[in-house]
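Position chain B against the provided structure of chain A, taking the given hints into account.
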Amino acid sequence: MSAVVAELRRNRLSLSYVIVAVLLILLVVAGGFLSDRFLTWRNFGNLFQQLVVLGMVSLGQTFVVLLGGIDLAVGSLVSASTVFIAHFLEWRPDLLWLALPLALVAATAIGALNGLLTIVLRVHPLIVTLGMSSIIFGGTLMYNKEPGGSVPRSLADFSYAKLWGIPVTAIVLVAIFALAGLWLQRSRSGRSIYFVGGDREAARLNGLPVNRIVVMAYALSGLCAGLAAIFLTARTGVGDPRIGTALTLQSITPVVVGGTILAGGRGGVLGTLLGVLLVTMLNNLLNFLNVSSYYQWVIQGLIIIIAVSIHTTRRRQ
Amino acid sequence: MAPLETPLPRSRGVSVASVFERYGLIVFLIVLLLVAAALSPTFLRPANLVNVLTIAAPLGMVVVGQTFVILVRGLDLSVASLMATVAVLATAFRATTNDAIPMIFVAAIAFSAVVGFVNGWLVAKRDVSPFLATLAMMIILQGVRFAYTGGAPISTLPPGMGFLASGRILGIPVNLMTLALLAIVFGVVLHRSRLGREIFMVGSNPKAAFLNGVAPDRVIIFCYVICSVCAGIGGLFLLGYVGTVSNWVGQGYELDSIVAAVMGGVALTGGRGNIFAALLGVAVLVIINNLVLLLGFPIEMQLIIKGIIIIGAAAFYRTRLA
Numbered sequence: 001m002s003a004v005v006a007e008l009r010r011n012r013l014s015l016s017y018v019i020v021a022v023l024l025i026l027l028v029v030a031g032g033f034l035s036d037r038f039l040t041w042r043n044f045g046n047l048f049q050q051l052v053v054l055g056m057v058s059l060g061q062t063f064v065v066l067l068g069g070i071d072l073a074v075g076s077l078v079s080a081s082t083v084f085i086a087h088f089l090e091w092r093p094d095l096l097w098l099a100l101p102l103a104l105v106a107a108t109a110i111g112a113l114n115g116l117l118t119i120v121l122r123v124h125p126l127i128v129t130l131g132m133s134s135i136i137f138g139g140t141l142m143y144n145k146e147p148g149g150s151v152p153r154s155l156a157d158f159s160y161a162k163l164w165g166i167p168v169t170a171i172v173l174v175a176i177f178a179l180a181g182l183w184l185q186r187s188r189s190g191r192s193i194y195f196v197g198g199d200r201e202a203a204r205l206n207g208l209p210v211n212r213i214v215v216m217a218y219a220l221s222g223l224c225a226g227l228a229a230i231f232l233t234a235r236t237g238v239g240d241p242r243i244g245t246a247l248t249l250q251s252i253t254p255v256v257v258g259g260t261i262l263a264g265g266r267g268g269v270l271g272t273l274l275g276v277l278l279v280t281m282l283n284n285l286l287n288f289l290n291v292s293s294y295y296q297w298v299i300q301g302l303i304i305i306i307a308v309s310i311h312t313t314r315r316r317q
Numbered sequence: 001m002a003p004l005e006t007p008l009p010r011s012r013g014v015s016v017a018s019v020f021e022r023y024g025l026i027v028f029l030i031v032l033l034l035v036a037a038a039l040s041p042t043f044l045r046p047a048n049l050v051n052v053l054t055i056a057a058p059l060g061m062v063v064v065g066q067t068f069v070i071l072v073r074g075l076d077l078s079v080a081s082l083m084a085t086v087a088v089l090a091t092a093f094r095a096t097t098n099d100a101i102p103m104i105f106v107a108a109i110a111f112s113a114v115v116g117f118v119n120g121w122l123v124a125k126r127d128v129s130p131f132l133a134t135l136a137m138m139i140i141l142q143g144v145r146f147a148y149t150g151g152a153p154i155s156t157l158p159p160g161m162g163f164l165a166s167g168r169i170l171g172i173p174v175n176l177m178t179l180a181l182l183a184i185v186f187g188v189v190l191h192r193s194r195l196g197r198e199i200f201m202v203g204s205n206p207k208a209a210f211l212n213g214v215a216p217d218r219v220i221i222f223c224y225v226i227c228s229v230c231a232g233i234g235g236l237f238l239l240g241y242v243g244t245v246s247n248w249v250g251q252g253y254e255l256d257s258i259v260a261a262v263m264g265g266v267a268l269t270g271g272r273g274n275i276f277a278a279l280l281g282v283a284v285l286v287i288i289n290n291l292v293l294l295l296g297f298p299i300e301m302q303l304i305i306k307g308i309i310i311i312g313a314a315a316f317y318r319t320r321l322a
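Protein sequence lines, in the order shown, are assigned to chains A and B.
Last residue of the first sequence: 317 in our numbering, with the numbers rising by one and none dropped.
Last residue of the second sequence: 322 in our numbering, with the numbers rising by one and none dropped.
None of the hints are false.
Covered stretches of chain A, going by a simulated chain B footprint (3 or more residues, C-beta under 8 angstroms):
no., stretch
1, 122-129
2, 249-263
3, 296-307
Okay, the calculated beta carbon distance ranges per label pair:
no., chain 1, residue 1, chain 2, residue 2, range
4, A, Val168, B, Gly252, 31 to 41 angstroms
5, A, Val291, B, Pro41, 51 to 61 angstroms
6, A, Ile299, B, Leu176, 35 to 45 angstroms
7, A, Thr40, B, Thr97, 48 to 58 angstroms
FYI, nobody ran anything at the bench for these hints, they're computed from the structure.
Quick reminder that beta carbons are idealized off the backbone N, C-alpha and C, glycines included.
Isolated chain A (complex conformation) (with noise of 0.2 angstroms):
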């Protein structure tokens, strides 16, 4: 707790995170409301089981976006390590503990070759990890078009392990954003990242080895794809090369929404799980509304634009 209320005071953005609250609040309570079935236990069970992985991304994506950079590689990077994990596990299931570890190590791996390329070809982020994106995905198809693989039992099971009725899952996710926001808030290298992403090169003036900390921001945006493709394929067994094609601009409202700025430097990890929430719930409970699938694109879109209205406006004032 003492953690959150550090973060609130250090980046004077109390009021951004309030407002997502506080929205997050009325749609509980007006969910209650309108339908019977969105505040159980069980729904929340299932609701949170299925904000994970945009969780994981979305995390990701902060540490990015502090940065003042962008990472459009991400879903690709998810749908490549499905497709990685599966088959490797398909061909030696008893290989787990090797099978993980080596998906996450690749992941970061190809994170920090985005974070270096746009250091050494100084080429804008956006422009590289779209490239990334399309030779990634490229690669993934070429390697296998249709969805393959499988996974052992005992992956399969941790995807819907239960703790004290709580999906595990969505404790381990909790637990990684409270560790990102402490060392965001308290660490020498979690602080850098603000000040890189603030004013560039004041932050190289006065010291700060300001490449690798672009470098380890964008690693670690890539980590975070390899544990939600890890997510990702317990729960679905199988390494689709397309299933995170979609998540790339999902990875990105919830950032947003949670009053981290495109330009860097200011925002936190708090305001991107609230934002996750926000995002999640919504379209949760739109479902139970039975309103289409449709029309929570149109929401979403708006709710971008409104977001990012609310916390400009405020930085003007």
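For chain B alone, kept in the frame of chain A given last:
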């Protein structure tokens, strides 16, 4: 008439550096053409070249618009979604005769202009980043389109729509003629008019532009409107080519149009670029896609090559001008 000794400063992208950029691209294009010709004897035949360019025409139209937006430090992710929405809009008239075609065009252009205005308004007046504003627009248009069609669009189209894609007037394909017309009109606006100069000013330094009496907001909104209108027209031509309406007409064009513009030397940092060079970028992109097939590589290879090229091209122009 201006005296010859004091030429007007030409901050319009027609500098020595940009000429180098253009020649670099032309050399690359010639190399690609030679490789393609060596691999397939039929490639350089006029019929095949016209064929390849015909496929590229709708993308070219989108690139003309995308160039305007990138020049003012923006980008438009909503173009592909708009193309599909315009295609669906074209079926809304349930027209079976060609009399409806002018009406379809007017409606499509008006709708696109409104979309572009909203994009530009969000960016210029509400300070929403171009990425997020056009991303939101992309999702909203997608939702509206699917809600209207219920997921399964009808394909009632005037028979003449196909003429837009495959028809010829005096032996010249209609869609290439339209692309040329769009490029020349907007090329003149951009590179030879006062408004064009203002666009370059806003793109290279919005504050200086403001101090020089230019209203950056209005210029930016104008660019987004042009972009959407070009995309809407491109959508109708692509529809004519595909022949049937789907909810995903033009999918991928948002990225391809950005890739082509960047390859053509339009700088994402704004204020630098040339419409005709951007169109050369389209030609390079299409020929590369064609080459992958000629070489017998799997089609997924296009994605990998496209990825390498976009990063490489961006790095190339960066170092050229550094």
